[in-house]
Structures are given as structure tokens and as C-alpha cells.
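S.K.: Heads up: the protein sequence lines correspond to chains G and W, in order.
Just so you know, we're using the UniProt record's numbering here: the first sequence kicks off at 1 and counts up by one.
Just so you know, we're using the UniProt record's numbering here: the second sequence kicks off at 1 and counts up by one.
One or more hints might be untrue.
What the hints assert, rightly or not - Lysine-lysine pairs mimicking BS3-like chemistry, simulated, CA-CA at most 30 Å apart:
(1) Lys177/G x Lys96/W
(2) Lys163/G x Lys134/W
(3) Lys630/G x Lys654/G
(4) Lys134/W x Lys137/G
(5) Lys654/G x Lys664/G
(6) Lys129/G x Lys134/W
(7) Lys199/W x Lys177/G
(8) Lys178/G x Lys96/W
(9) Lys163/G x Lys117/W
(10) Lys134/W x Lys133/G
(11) Lys664/G x Lys643/G
(12) Lys664/G x Lys630/G
(13) Lys298/G x Lys315/G
(14) Lys630/G x Lys555/G
(15) Lys163/G x Lys137/G
(16) Lys163/G x Lys124/W
(17) Lys65/G x Lys199/W
(18) Lys163/G x Lys96/W
(19) Lys660/G x Lys643/G
(20) Lys124/W x Lys134/W
(21) Lys134/W x Lys138/G
(22) Lys138/G x Lys178/G
(23) Lys545/G x Lys315/G
Said to hold, decoys possible - To list a few chain G residues with every Cβ distance to chain W over 12 Å, as calculated:
(24) Ala260
(25) Ala267
(26) Ala350
(27) Met443
(28) Asp530
(29) His568
(30) Thr589
(31) Met599
(32) Arg637
Unchecked claim - With the Cβ distance kept under 7 Å, some of the chain G side facing chain W (calculated, not the full set):
(33) Leu128
(34) Gly161
(35) Ser208
(36) Leu210
(37) Thr223
(38) Lys244
(39) Pro554
(40) Lys555
Read the hints as simulated data drawn from the structure, not as lab findings.
Heads up, the beta-carbon is just placed ideally off N, CA and C, and yes, glycines get one too.
Here are the chains, one letter per residue:
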Amino acid sequence: MEHQRCYIYEPPETEERAPKRQRTGKFNPQAQLSERLQTYRDIWAQQEERIQDTLEGADSATQDKIVNFISASASSSGETQFAIPTALIVAGPSIASHGPFFERLGRSITDDTNSVYVVLTSGECPNLKTLLKNLIKKVTSRVEDEDEDDVDRPSVSSRYGPKLLNYDLGHVQEWQKKTCAASIVVALQDSEAFDLGLLVDMVDLFHSWLDRLPFVLLFGIATSAESFEERLAGNSLRYLEGEKFDVTQSDEIIEKLFTATVANTDARLRIGPNLCHRMLDRQKDHVQNTQDFCDGLKYAYMSHFYASVPSVFLKDGIAFEDLAADAFEAVRNLPSFRRWVEEKLEDGQAQDVRQLLDSNESLFDQITQHIKSGQQALSNLSHSTHVLAGIREALRMSPSVRLSSIWTRAASGELNGSPLVRETMLSIKKIPSDKLVQLLAAMNELESDYFSIDLVSSQQRLDSLLKDTDAPLRTQHDVRNDSLRTTVVAQKVLLSKHKAALSEQDKAYSDLVTRFHDELDAYFTSSLIDPRTLFLSEILMYDLKSPHTEVFQPKPRFAVERALASPHDYLGCDCCTGVDGNPAALSATQPATAIVYQMYLESGTLINVSDLWSAFNAIAGDGVEENEPKTMALFQRALAELKYLGLVKPSRKKPDHISKIMWKGL
Amino acid sequence: MMPDEIIAQLNAEFQCREQQVHHLAALYTTHFPSPLSLNIHGLTATGKSSILRSYFHLSRLPHTIINVRECITARHLLERIVAASLDALDDFNDEKIDRRPYARTENLSALCVNMGKLLDGREKFILVLDAVDKLREGAGTLIAALGRLGEMIPTLSLILTTTLPLTPSTLHCASTSFLHFPSYTRADLLTILSASPPKIFTATPSLELFPDYTPDLAAEEDAWLWGRFLQAVYDSLSKHTGRDLLSLRNCAMRLWRPFVEPVVSGQFGTRDFSRLIVNRRHLFQLEESVLDRIINSTTSDAALTTGVLATPKPSKTTPHNLPYYTTYILLAAYLASYNPSRTDVTYFMKHTDKRKNKRRAPSAASFSVTGKRTGTKHRKISRHLLTPSPFTLDRLLAIFRALLDGTVPQVADLYTQIATLTSMRLLVRAGGAGSNDALERGGRWRVNFGWEYARALGRSVNLEVGEYLVGGVD
Ligand SMILES: Nc1ncnc2c1ncn2[C@@H]1O[C@H](COP(=O)(O)OP(=O)(O)O)[C@@H](O)[C@H]1O
Ligand SMILES: [Mg+2]
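So here's chain G without its partners, still in its complex pose (with noise of 0.2 Å):
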């Protein structure tokens, strides 16, 4: 056995059948899965270039600043300069959004400017000799793509004789002579990550060359400008001058990507509010990543229309053609279709229920009609928690609650009557006049086809009874109208609340505001619903938790722990179920590695291995002398599989030892 380095295993071939057989009814699961497709394609480019939209708009304004830093720098370079024109551009701890920004940011640039621009990350640059060789292939290979039958021209001392070596900046310097670019700027994406020495190094080496290359820094930084600047020693510092841009925290435009996403009033397929609340948690307590977000709501997508048969009625002017039956029975065991057909039975309307069950053509009118009113009230709902958001954003209430947090709170039907709803109709009816105009205007904006209040006639209204007033107009619902008496009456001090009488033009100005917060109060009160409790609601919001957690926020740790502390929830055989009823209880039968495990877990943080063998072998072996080198090959190969999951290691501490590096649960 010496001689051979590696074995073929094969399993022994049993001629017993598998367990477990497939199905082989001829119910296809995924019938129509092509359409569904074609439909997941059109919805998802639509929000896509929603994203994509949102993104570029969102660091528009901190992108035109670095550019038109950079070309500050570029027409300066006529004067000498003393320092490498510098940006620090504090990205935030959203470390993946770093590349697609620096990505833009790059268009952005060359295309504004008469610039080079070059990114380099940590990863690339582990010494001062790559760095340059990267940086070098980067900004020459440029021209080389665009004059293709150049690439032979000799070099700075003729084809023959002495060359540049692959890290000299000559070669930048003999390509910079050739296109006259008005900057060489050089972005370091994670400029933490790399090493101080590197840093300080390039920053010197740079500045030397800084007469014939002009350079250009840009630092990506993900914690502080401040600790950065702290971090770099100060022969550099006095080598770089520049100024720092802040990049749009990703909170910000998480938002944005939300309002524009999820809350759009157009989408045609909306993600659940339990979703909502596991993508937005996440963005605050773990990552922030705007990528992770666009991911989540992708495959959210991906996922509606891959498993549920019935997502095809979303396609854009389906037919009753296209349709296989399989479709219309896949609705009929929708939760929503039962609700929806038992309230049709209780209000004795057999008859349609008969035609809905029987025939495919009815059910499919109806889900016609319903998807369209679904969406429409959906669109309603959406809208209005926008109304609701620029209210509370108009008269500057505080808490201030986002947009997002109001919709996921509106998809899950808690906000009609709801707290949040009653304090800014409250502040509402206590408007004074000064306010309601802003409001008014602000509204303004919001109008669209979901929002039927006439904006335009209590406008109208406040104008006129405006124009003879120049102190703001207050309603009778104003705590500034009441005025409170202090009586004292044996002994005790009476408060009473005293309307103070209102002018003609207050009572004018109430009126108004009545009417106004009770058109408002029906608009909500109306919009407002439950989407749960819409028929096809399965068809027009997925909320389904399970593939998206475990896509997107795996426990690999628990698994393995759990697998090896109670292998039965894994293997679901008889015999590992525990002894005499008690399942924590170890046995024989348990895989080898589980057993050491799990008196790995009982043990303290050295474990002598002669201690943990015998204990093994009281409980997997069985007492016979002669099977006890198997035993052993089975200790032997479970403790080296725990090595291998690096769960132990051996000690140094004490011989014989190996000590414990992983707790369970942690």
C-alpha cells in the first residue's frame, strides 16, 4: 500500500432502489417557463434602468466636482507645481459599491477631460515594482488599441539598444509626449488597504516626476479623510494638495433606489413587505452595498416568475390562447382565489363560482380584469405613501420616518388609522396659513393620475382669502387660539380651555382646512388597504422569505455545527434519533465525526487525545480486542476531519494536547 499515492473508492453497488424516486407524473412544474421568462426579462429591464437612473443621479453631483477638480488641475499645470493635485474621495464603508463608482467615475472623466485615467486597487499592487508595471500597462495600452499598426515603433534609445525596463515611468513619459494628455489621474480604490511603505513610496516617486508627468491623485476612502491623512507620514503629506469629496452615503441611495424601485408607482410586480424589511435591515445592520440591494430585488424577481406558474398572467396582453390549463389550475389553489370565491359564495352567488371553477375562460376574464384593478389599487397605495412622506416632509415633522419605511409599512396594511397617519392629519387640521401654502406647493408636484384630491380650487381659495391678510391665517383647531384661565376656586386652581373668537377670515381659513383634511383623510382611508387581501395578491407581490434568506444570508457556521452536534436532523434515519428517548444522547450509530464532536463540545479548551480515544471507544467501539485498530481509523479520521474544519489544532502548550479553537453558537 506504501507505493500508491491515491485510491479509487467505489461504493459497493447495491441492488436495492434508491429511497427516494421521482416523480413521474406527467405534471410539468414548469409549464410555460419561457413566457414567464420573457416576462421577468421586460419587467426586470424596466427596473433596471430605474437603478441604473437612480445610481448615475445619485454621485452626479459629487463626480462633476472631481472632474471639474481635475481639470482645475489640468489648466493650472502651466506654473510649477509644488504638490501632486490631490482628491480624497470619501466613498464610505460600502466597500463593493467602491468599484462600480470609481468605474463611472472613469467615464465620467475621460470624457470631460483630456485625461487618462487609471485604477488601481490594493490587490494588484502588492509592491512599488507592480504597482508601476500596472500602472504603466494601463495608461500606454490605451493608445496602442486605438493605432494598432504603431505598436512596433522603436523605443526612447533606438530598437537595439538600451530599453526601458517594464517599471520605469519613461515609458508614461514617451507616451505623455505622444498625446499631450492634460493629466495622468491615478485612482487608488482602496487606498487603505495598501501598504503605508507602498503609499509613501509612490507619493515620493510621483512628486519627482511631477515636472514631466501630470499627475493626479484620487484616494478612495472608505473610513475618514481625517485618519487617513493621519495615517500617511508627513514628508507626503507636504508632496499632495487637493481637496475631499464626500460620495452619497449608500444609505442615501438605498433610499433613492427604493422610492425608485419598489415604491414606484409604475412597477408591475412589488416585493412584499416582509422582504422589504429583510433587504432594508440588512442595508443597515450588516452591509451597506446598493450592489447587494439591486441583487436581492433581482433575484426576488427571478424567483416569482421561476416558481410560480400563475406569475405568467403578468405578461403584457396575454392571451387565452397562450395559456396551458395548468395555469388556470394553479390559480384556482391560490389562497386568494378561495377567500376571494368563498365571500362570493357567502353572498349567494353560486352560480359564478360554478363558471369560475368549471370554465377556464371566465376565470380567465376575471383574472384579466383583476390583475389590471390589483395593480391599479397597488399603484394607489404606493402613491399615497409618497403623498403621506412629502406631507410629513412639508410641514417638517419630526420623527422624520423615509419613504421606505412608510411603504413597507403600508404594504402590510398597518398604516390605515394608524399613529403615524392620525399625527399628520392632526397637524394637518392645526395648519396655519403661512404653511399650507408651502404644503400646497409641494403637493403640487405629487399630483398624478393616483391622486384625485382638486388641489387646484383650495388654492384657489387660500389665494383669495390671502390677499387682505398679511398675518398667517390660523384654524379653530390652533392651540394658539385657545387661550387658558386660572381661576382659583377654594383653593384649587382651575384650568379652562377658552376658544377665543375667531375672526371672518379664520373661519373662512377653517373651513378650507376642514374640507381639505377630510378630502385627504378619504384619500388615504381609501388607498390605504391591505394588499394581502387583494385577489391575486400572490400574482402582483412576492413575499416569500425562503429562497431570499438563504441565498442571501447563509449560516454556513450553523450548518455545520448543527450537522455535527445532531446529525439526525440531517440524516432522518431511525437509529440516530437518540437512546431511550433522549435525542441528545450519543450513540454507535452516529456518524464518527459527531460523536468526537460533540465530547469535543463537553471538553475545556486542551484536550488530551488519550482521554477523548477512550472516550470514543466506550461509546463506538464494542469491547472486542481485535476491532479495535478499526475504531481506532475511525477516531483517527473524525479528529482529522475536525483539524480540517478547523475546529482544533495542535497545542504546544502541553504534549499530547490539542486545543479547542471554536465554541459553538458564536
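Once you have looked at the hints, place chain W with the ligands on chain G.
M.R.: Quick look at chain W with the ligands alone, frame taken from chain G:
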């Protein structure tokens, strides 16, 4: 150009360097032999590079100057020497040397051969290696060997500039001459800098409004005020900071705009120096005036012009908005680095009544325990001033869970966050075997931020880190 003219021009351009210029002019002329190697030494910004450059440019001797700062490796330097000499000779003699024999210069002997070949039968050639002590690798032997290059190639004369004089032990050669560029004295500095006064008025006052403020007069006023101002800057600030030409100039330039601001706004006349200096005295007391910063324009200018003294820079300690759990991971890491692990039980064990064991009073116990063991009376240095000690991943996670009130699922996101923090260098892998391998079991980490940052982080999530810190800080 005649030697005397050169000297005159150089002396005009670089004041206070007459002696050095004379020396150079005496040593390097067309007709007399020059020293085989010369070491020019002097601290930064004493004019070594600029004077050499100007001198050789004017004297038209065949020469080349190589800035060693730009050479990454020793090989790079050697290649540069040959290539630059070829270029220089081509230039001076207006010829085209056949470069094919000089394609490669891998090592010192190749350099000797190549330079020998190149300079064979030619007149004197001067090779200047500027800032040789800044060579990034192989400095020791290379300098010694380069220093003796002249012995093998008689027509080559070498100039090495350094900050400190090269010692005989690095040179291995006694024939080297030395030329010292001493640092400038106060009087020198003031003379040099006052030669180039900046303007008081960035936009010249229009001649119609102020007909007697002619450009000539303006220049005179600029020079007068700048001279006085320089003295003030030198006397008040140079005691504490660098006195070299460049840092003094930087410093003065930084303060100049805020200093003359009252003059520009018309509050004082250009000759009201004493009132101006009283009015602007805060400028000479601010830390910002002497600190090197990357961002100069916005933040420090505001402080300089408003004269708010000792503003506690809030931005410095406000941490970036990190996600909630990431903040806790950082805090746990800080505590894991600064608390000895044996105290974890006292601080983080959850009791049955769910009350956590915070530090109640400044714990004298922890002091004396350590004191006895090490034999000293008391630990003098507060823990948070020491270097952080490494901790294992599981200890970090355990403290993390102990700090939080609720439970956190064991999601992979926690590990992602640790990886993110590592690439932000807030956490660093502690050295030792396998510290580059992220999968190495039992790997250890350290925090890479200080107490101030940790405290601010803690406050952002309403946690007083000091309460959990052994021998804590308040
Ligand atoms: N005597 C002088 N007169 C005018 N400028 C000077 C003088 N000495 C140095 N400088 C200036 O100081 C700067 C630094 O000089 P440099 O030659 O690089 O110094 P070193 O090489 O000694 O570090 C240059 O901009 C130079 O013009
Ligand atoms: Mg120099």
C-alpha cells in the same frame, strides 16, 4: 559663458551660496582636471540639486544628472546611468552613438564595461547621482562601488549628493572629496525668501480709483510687508517646526493670505504692520499654520480667518456611518485587543439576572494583580495607550454577542463584515505563520484604531466602551 559670468549669474539666482558656487566653479572647469568623486552633502532644501543643475547647465560641460529617487531598483539605476549618459553624449556632441553594444546593464561589472566603452577616448564626463542615499535597495555596496567607478574610468568624474556625508566605511575609498552645503541661517533664509514677495492684492486696485498706487509702488509695498511678515513667521513658528527653506516658505505662503486680509479689505494700510500683527496674532498661535495637510483650502482656512482657537475638530472623531452590527464588531475587537482574556469572564459573562458586569469603580484589583506579577508597584501606563494585543476570531465573536442584548443569527454577513473591516485596515491580521491566509485556522487579529475612535463609535450606538475596559478610561 565665462566662469566669472556663471558665478555671477548663480549668485544672483541663489543667494547665500557664494562659497559653494565658487568651489564648484573651481572644481569643474573645461581645462583643469576634476576630482574623481565628490560627495556633496547638506540637509534638505539647501540648494544642492538646483545649484548643481544650474551650474552644469550654464557651464556646458558634458554631464548627466540622475535623480536616484526615481530609480526603483539597483538595476534600474544602472540602466538609467548608461541610457542617460548616451543621451547626454549624443546631445553634447551632436552625434548619434551606436547604441547596440549598450543594450543591457544588468550589474555593476556590466556598468563598468559599458561606461568604459562609452567614455573611451573622450574628454571629461560628469555623472551626477542626486540623492544617492534615497536608493531603495542595495544601497551599501552599490554606493561604494559607484564611488570607485572613477578609478577605473579616468575620464569620468562622479558627484554623489547625500543628506549626511558619506562615511569612509560606506565609501571604502579615501580619495573622495567633500563639499558641504550648510543649512541656511535665519538671516540667509530671510534674504532668500524676501527676494520673491507675493502680492498683497490679488487683483490690482484699479488705477482710476487709486491713481497713486502704481505697480512700482505696489511692488515696493509687497516687499516691505512680506519682509516684516517673514521675520514674524520665523521668530514665532520656526522654533517649533522645520527651519528649512521649503517648510518656512510653505508656512509663510499658507499664512500670507489670511494675514493680509485686513489690508485687502481696507481695514489697515499697507504700512500698518504693528497694528496688523496684533490683529492677526492668532495666526501665529494656531496649530493649523504649521501642520502639513492635504486639504488646506476649506477647513483650515476657515479656522485661520475666523481665528477660532483650538477648535476641537469634531470631524476627527466622528466615525463614519457603519452598519449597526459592524460597529459592534469593531467595539468587540477593541475590547478583545485591550482587555486581557482572563478578565472576560468578569466583564462579559451573562448572569442569570441578565445584568452585565460592567466596571463599577476604577478597579484597583486589576492593577495590583498585574503589579504583583511583574514586580513593579503599579502599571503606570493606561492600557489604552499600549499597543493592541492580538485575539482570536472566536473571542471577538463571543464578546460581540455578549455586548449585544438580543441574539444575532450566525449569518455569513458577520464574516463578510470582518473581511471588509480588514480591507479597511480597521482590523489587521496579526503576524505569525499563515497570517496572509484568510482560511488559516486559529488566525489572530488586532485592531488598528485608537481609543478616541472606539469611544466615538461606542457612543454612536449608546455604549460606553470605557465601562468594559479593564483599568478603564473615562
Ligand atoms: N539660495 C537659494 N536661493 C533661492 N532658492 C533656493 C536657494 N536654495 C534653495 N532654493 C530653493 O529651494 C528648493 C529646494 O532646493 P533643492 O536644490 O531641491 O535642495 P536639496 O537638493 O538640497 O534638497 C528649490 O526650489 C530651490 O530653488
Ligand atoms: Mg535634492
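S.K.: All hints are to be evaluated individually against the structure, with a verdict given for each.
M.R.: A quick look at each hint next to the structure:
Simply put, Lys177/G and Lys96/W have alpha-carbon atoms about 21 Å apart, close enough for the 30 Å limit, and the pair holds. Between Lys163/G and Lys134/W the CA atoms are separated by roughly 24 Å; this keeps the pair inside 30 Å, and the hint holds. For the proposed pair Lys630/G and Lys654/G, the alpha carbon gap of about 27 Å is at most 30 Å, so the pair holds. In summary, the hint linking Lys134/W to Lys137/G is supported, as the alpha carbons are separated by about 26 Å, within the 30 Å threshold.
The hinted pair formed by Lys654/G and Lys664/G meets the criterion: a straight-line CA distance of about 24 Å does not exceed 30 Å. Note on Lys129/G and Lys134/W: the hinted pairing holds, with a Cα-Cα distance of about 16 Å set against a maximum of 30 Å. For the suggested pair Lys199/W and Lys177/G, the alpha carbons sit about 35 Å apart, so the restraint of at most 30 Å is broken. Taking the CA atoms of Lys178/G and Lys96/W, the gap is near 22 Å; set against the 30 Å cutoff, the hint holds.
With a C-alpha separation of about 18 Å, the suggested pair Lys163/G and Lys117/W falls inside the 30 Å cut-off, and the hint holds. Distance hint between Lys134/W and Lys133/G is fulfilled; the C-alpha atoms sit about 21 Å from each other, no more than 30 Å. Between the alpha carbons of Lys664/G and Lys643/G the distance comes to roughly 15 Å, so the proposed pair stays at or under 30 Å and holds. Between Lys664/G and Lys630/G the CA atoms are separated by roughly 29 Å; this keeps the pair inside 30 Å, and the hint holds.
Between the alpha carbons of Lys298/G and Lys315/G the distance comes to roughly 17 Å, so the proposed pair stays at or under 30 Å and holds. Between Lys630/G and Lys555/G, the direct Cα distance comes to roughly 34 Å. Violation of the 30 Å bound is thereby established for this hinted pair. A threshold of 30 Å between alpha carbons decides the hint, and for Lys163/G with Lys137/G the separation of about 16 Å falls inside it, so the pair holds. Using a Cα cut-off of 30 Å, the hinted pair Lys163/G and Lys124/W holds, with the two alpha carbons roughly 26 Å apart.
Between Lys65/G and Lys199/W, the direct Cα distance comes to roughly 29 Å. Compliance with the 30 Å bound is thereby established for this hinted pair. Taking the CA atoms of Lys163/G and Lys96/W, the gap is about 17 Å. The hint holds against a cut of 30 Å. With a C-alpha separation of about 10 Å, the suggested pair Lys660/G and Lys643/G falls inside the 30 Å cut-off, and the hint holds. Simply put, Lys124/W and Lys134/W have alpha-carbon atoms about 27 Å apart, close enough for the 30 Å limit, and the pair holds.
In summary, the hint linking Lys134/W to Lys138/G is supported, as the alpha carbons are separated by about 27 Å, within the 30 Å threshold. Of the supplied pair hints, the one linking Lys138/G and Lys178/G holds, its CA atoms being roughly 16 Å apart against a limit of 30 Å. Restraint check for Lys545/G and Lys315/G: satisfied, since their Cα atoms lie roughly 24 Å apart, inside the 30 Å limit. No beta-carbon of chain W is positioned within 12 Å of the beta-carbon of Ala260/G; the least distance is around 22 Å.
Against chain W, the non-interface label of Ala267/G holds: every CB pair exceeds 12 Å, the least being about 27 Å. Consistency note on Ala350/G: stated as away from chain W, and its beta-carbon is indeed over 12 Å from all of that chain's, at 49 Å minimum. The beta carbon of Met443/G is kept farther than 12 Å from every beta carbon of chain W, the shortest such distance being approximately 31 Å. Even its closest Cβ contact with chain W, about 29 Å, leaves Asp530/G beyond 12 Å, as expected for a residue assigned away from the interface.
Once the 12 Å rule is applied to beta carbons, His568/G is consistent with being away from chain W; the minimum gap is 20 Å. Listed as outside the interface, Thr589/G is consistent with that label: its C-beta sits roughly 28 Å from the nearest C-beta of chain W, beyond the 12 Å cut-off. At roughly 19 Å, the least C-beta separation between Met599/G and chain W is larger than 12 Å, which holds for a residue marked as non-interface. Under the 12 Å C-beta cut-off, the non-interface status given to Arg637/G relative to chain W holds; the minimum distance is some 18 Å.
Taking 7 Å as the C-beta cut-off, the interface hint given for Leu128/G holds, the closest approach to chain W being about 6 Å. Taken as an interface hint, Gly161/G checks out: its beta carbon lies about 3 Å from the nearest beta carbon of chain W, inside 7 Å. A cut of 7 Å between beta carbons decides the hint on Ser208/G: the least distance to chain W is about 5 Å, and the hint holds. Interface hint status for Leu210/G: violated, as the beta-carbon distance to the closest one in chain W is roughly 11 Å, over 7 Å.
A hinted interface residue such as Thr223/G counts as satisfied when its beta carbon comes closer than 7 Å to some beta carbon of chain W; here the least separation is about 6 Å, so the hint holds. Interface restraint check: Lys244/G against chain W, minimum CB-CB distance 5 Å, threshold 7 Å, status holds. Because the smallest distance between the Cβ of Pro554/G and any Cβ of chain W comes to about 5 Å, under 7 Å, the interface hint for this residue holds. A least Cβ separation of about 5 Å between Lys555/G and chain W falls short of the 7 Å threshold, and the interface hint therefore holds.
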